[in-house]
Amino acid sequence: MTVPFAAKRLGKELQKISNSLPPGVELVSAENFEEWLLDIKVLDDNPLYQNQTYRLKFRFGPSYPIEPPEVVFVQLPDRPIPMHPHVYSNGIICLDLLGQQGWSPVQNVESVCMSLQSMLTGNSKNERPPGDEDFVRVNRQRPKDIQFYYHDNDV
Amino acid sequence: MAKPTQLKEEGNRRFQAGDYVMAEALYSQALISDPHNPALYTNRAMARLRLSQWDSAVADGAACLALAPDSMKAHYSLSQAHLALRAHDDALRHALRAHALCVASSADHKSLGPITTHVLRCKKERWEELERRRVRERSGLEGEVLGLLEERRGVALREAEAAGLDEGGRREVEEEWREKMEAMRDVFEKARPSAEKRREVPDWAVDDISFCVMVDPVITKTGKSYERASIVEHLRRQPQDPLTREPLYASELRPNLDLKQACDEFLQENGWAADW
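Respectively, the protein sequence lines represent chains D and E. Residue numbering for the first sequence follows the UniProt record's numbering, starting at 1 and increasing by one per position. Residue numbering for the second sequence follows the UniProt record's numbering, starting at 1 and increasing by one per position.
Read the hints as simulated data drawn from the structure, not as lab findings. Here a beta-carbon is modelled for each residue, glycine too, at the ideal position from N, C-alpha and C. There's no promise every hint is true.
[Unchecked claim] Here's a subset of chain E near chain D, in silico, CB distances under 7 Å, partners left out:
| # | residue |
| --- | --- |
| 1 | 208 |
| 2 | 209 |
| 3 | 210 |
| 4 | 211 |
| 5 | 234 |
| 6 | 242 |
| 7 | 246 |
[Claimed, not checked] Here are some chain E residues the structure puts well away from chain D; computed CB gaps all over 12 Å:
| # | residue |
| --- | --- |
| 8 | 12 |
| 9 | 62 |
| 10 | 86 |
| 11 | 131 |
| 12 | 133 |
| 13 | 149 |
| 14 | 161 |
| 15 | 178 |
| 16 | 187 |
| 17 | 190 |
| 18 | 206 |
| 19 | 257 |
With the hints as constraints, model all of the structure from the sequences given.
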């Protein structure tokens, strides 16, 4: 029987990351090929993210990796939403790499985690995106349907 | 009596609905009055594949090719039927032909993904068949050689007896042959490819989009190769090089023949990698 494109590739990614992941990235659960949870840490001494662990939720559609996965931070008692001018307080991430335009099918779960790590590492602003409160209150869209306005490119 | 086109359309409807028995019968009826219509043969072949009627699917595929030698669907159906019949060489030959026709035609791009997967499957099943044969032959040879040694031992023992050797001498002869047979078994054991041998797929053989071993690698302007089906699918959505994000169109892709040959050779030795 033909296996869906996404499942086949995710099976291989899982095989790979079950054996080894870069420092500061940990696989929490991957029960199916629709939703995976991973934890990331920022490894340098950026005071904004010291001693914190952040939970990421990946959701994959049937045409992954042609289409990007949906990636959000998830809040739990011991897993806060990191403070960053591109991360809304509900966990939605505004990163061109994860958008329809910026995504590339040679990216993978591991590379996305590493990009998010470096996005946090490079940040020094202790703030949310402009309009965070309004956005969080009114947004009912899925992250992939939101037309983000990329405020700046230097963060 | 209904017109062949009506019968065909009704057949297609039944096929869509999963009623392959009825679809097959309707295509057969249409063929009575329109026996030179290649599409009727491929449609009936597809219905017969669903019904596991492999031999008659082969007959339909062949009938279609006689009318339309470059029918991608006919080659594809033939390949599927041959694969089920374990005619692995024929299955692969028709799969590769279907793939080539699919690449050449712009109308069939939707089939490129499934056909690429099917080619890989043909390669894998063909390798498995060869592997089974190799194992059988190896164990056949091992048994034969050990049998010969056993015979020789019997002869040697009888000769020793005839020469009037005592109990100790006979045991010495027996020990000598036992060691020879043990050594022979060792040699075979060493020659056996160990099942635990680490099976690794080299990165150069793997498409960075589907993570499968490549069947038809194509190279971009930047010199990176991908499986044709994967990169074409990506470019349809976004005409950009996946690595550099520079504009890239499917028409700019070129086959990477050396890499294709290397992948073919790798799969011939390592058919298991087809669904790694």
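Quick rundown of the hints versus the structure:
1. 208: Status holds, d = 5 Å.
2. 209: holds, 4 Å
3. 210: holds, 6 Å
4. 211: holds, 4 Å
5. 234: Result: holds, 5 Å to nearest chain D Cβ.
6. 242: This interface hint holds because 4 Å falls under the 7 Å limit.
7. 246: violated, 12 Å
8. 12: Holds, since 21 Å exceeds 12 Å.
9. 62: holds, 25 Å
10. 86: Per Cβ check, residue 86 (chain E) is outside 12 Å of chain D; nearest 18 Å; holds.
11. 131: holds, 22 Å
12. 133: Holds, since 26 Å exceeds 12 Å.
13. 149: Holds, because the least Cβ-Cβ distance between residue 149 (chain E) and chain D comes to about 45 Å, which exceeds 12 Å.
14. 161: holds, 62 Å
15. 178: Its Cβ never comes within 12 Å of chain D, the nearest being 45 Å, so this holds.
16. 187: holds, 35 Å
17. 190: Check passes; 29 Å lies beyond 12 Å.
18. 206: violated, 9 Å
19. 257: Consistent with the label, residue 257 (chain E) stays out of reach of chain D, its closest Cβ about 23 Å off (over 12 Å).
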